[in-house]
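*Asks:* Order-wise, the sequence lines are chains U and D.
Our numbering applies: residue 5 is where the first sequence begins, and numbers increase by one.
Our numbering applies: residue 2 is where the second sequence begins, and numbers increase by one.
Possibly wrong hints are sitting among the right ones.
Quick list of the computed label-pair ranges, beta carbon to beta carbon [stated by the list, open to error]: (1) Glu143(D) <-> Asn200(U): 50 to 58 Å; (2) Ile251(U) <-> Ile177(D): 52 to 60 Å; (3) Thr207(U) <-> Pro134(D): 30 to 38 Å; (4) Pro20(U) <-> Asn121(D): 54 to 62 Å; (5) Glu69(D) <-> Leu168(U): 48 to 56 Å; (6) Ile25(U) <-> Lys252(D): 32 to 40 Å; (7) Gly234(U) <-> Ser97(D): 16 to 24 Å.
Derived from the structure by calculation, the hints contain no laboratory data.
Where a beta carbon is used, it is the ideal one built from N, C-alpha and C, also for glycine.
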Amino acid sequence: MFISSIENFLRRQGKPLVAFISRLGEFSIFVAQSVYNCLTPPFYGRNLLRQIVDMGFYSLPVVGLTTIFAGMVIALQSYSGFMRFGAEGAVASVVLISVTRELAPVLSALMVAGRIGAAMAAEIGTMRVTEQIDALTTLSTNPFKYLVTPRIWAGLIVMPILVLIGDVIGIFGGYVVGVYKLGFNPANYVNSTLQNLQAIDITTGLVKAAVFGFIISLLGCYNGYKSKGGAQGVGTATTNAVVSASILILIFNYVITELFFSK
Amino acid sequence: MSENKIEIRNLHKAFGRKVVLDGVDLDIVKGESLVVIGGSGTGKSVLIKCIQGLLRPEEGSIKIDDEEVVGINEEQKEKLHSKMGMLFQGGALFDSLSVWENVAFDMIENKKVNKKTAKNEAVRVLRSVGLAPDVADLSPSELSGGMQKRVGLARAIASRPEIIFFDEPTTGLDPIMADVINDLIIESVKGLGATALTITHDMASARKIADKIAMLYKGKIIWQGTVKEMDKTDNPYVRQFINGSSQGPIKVEI
């Protein structure tokens, strides 16, 4: 009697634990397979090109809008905040540092995760439930190489470029607010931006961008690839892709910052 | 070398606690068209997926051309798949590609045939399944169900496979279109001299395309024989299934 109730208790705890661990295992295998297939031929150049255009070119408006307003609001906030200490002069460098180190990579990645991660999960998920992935296999084509690899490479290549563009636009946003609203002298603002420009601010942003690009593509593909159960399954996969990618982006943002900047 | 193209012995496959295949033994003779019949959810699709290596059985052996295929690596699998073609139930056409790119997929991606030759060949195959050349540039989503089946068939036979699988080829089609597809299947299988494995529960289709019929029930092959033998058999399971009666030894699990 007593033993059986312990057994029942353990069983209740065990089931979700086993499910969690098996999912973790499944994900790890998926990651390993992705990395392996990314490095071994054949490569599908046409698919990679399509993904780069989808992920990069068509994300430009979204990334541009998010980063310009991020730069603008940082200029405004830091000005009103720093005025208390009489440190208004630091606005340009605060905009520079916050945009290049944090805002451009993180906000762009979150926007791209919503735009592209969801699309990947939906497209691959639909291919899964309509047996198109099985069809690829029966046509002697490795679905990993055909579907997953181009998307992961696209993420790694495109995100740093997007972030670089986002850096410029974000700093420009700060400049616009600084000069036209807060009354900075344009030449002084540009000068102080250039003087404070340091390679490490840009490079950490780009490293982040590449990692985020990998995360977005990986989770978009993973959730799509493993989706099951028709339209509802694809819906769940899409949601999971965006949510899990966003959370991982924020976690890795901290981890990478810690790696680069903690003394 | 035996005359069997595919030899299945004691095949077991379960999903969690649900046993789907429980010791399937089946031989498919080279050049023959075998139809596996059985109710929905009896594991017909699982059987095909095991043969193709899309699912890994827990136990048993599958030999194709006398070579074991259970547990082979990815590279060997790709080689194996180049011998096979498959017509999927829902067509499974790639909707990001046009109709001719679907049909020419294997030529373009694996055989590196140039685009123009591949397109000409695709149009030729499309014509052989009764589709006009102007269909070639459409997207699969613009086609009717019957036309999608034809394109799926064209894609399955385009690489001239030795083995072709048909997963419920007539499901979801009107009776006339179903018969057209049956004719196309017979034509293309005979034309290629291929070995065919069809799974279906459409008896009219089974009668028409089968050289031999096998019935799958509760994870086992419980009966096999020719169409004539099927009509004469007194096996109560087969009788119930071909008559489509709710009364008999097969109980529908609700």
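*Asks:* For the hint 54 to 62 Å, verify it against the beta carbon of proline 20(U) and that of asparagine 121(D).
*Replies:* Given range 54 to 62 Å: holds, Cβ gap about 57 Å.
*Asks:* With 52 to 60 Å as the target window, see if isoleucine 251(U) and isoleucine 177(D) comply at their CB atoms.
*Replies:* Roughly 54 Å apart at Cβ, these two residues keep to the hinted range, so it holds.
*Asks:* Should the hint that glutamate 143(D) and asparagine 200(U) are 50 to 58 Å apart at their CB atoms be regarded as holding?
*Replies:* Once the Cβ atoms are compared, 57 Å apart, the range 50 to 58 Å for asparagine 200(U) and glutamate 143(D) holds.
*Asks:* When you take the CB atoms of glycine 234(U) and serine 97(D), is the distance between them in 16 to 24 Å?
*Replies:* Taking Cβ atoms as reference, glycine 234(U) and serine 97(D) lie about 20 Å apart, which means the hint holds.
*Asks:* Tell me if the beta carbons of glutamate 69(D) and leucine 168(U) are separated by a distance inside 48 to 56 Å.
*Replies:* holds, 53 Å
*Asks:* Against the range 32 to 40 Å, how does the distance between the Cβ atoms of isoleucine 25(U) and lysine 252(D) compare: consistent or not?
*Replies:* holds, 38 Å
*Asks:* Is the distance from the Cβ of threonine 207(U) to the Cβ of proline 134(D) consistent with 30 to 38 Å?
*Replies:* With Cβ atoms ~55 Å apart, the hint is violated.
In terms of the numbered hints stated before, the structure departs from hint 3 and from no other.
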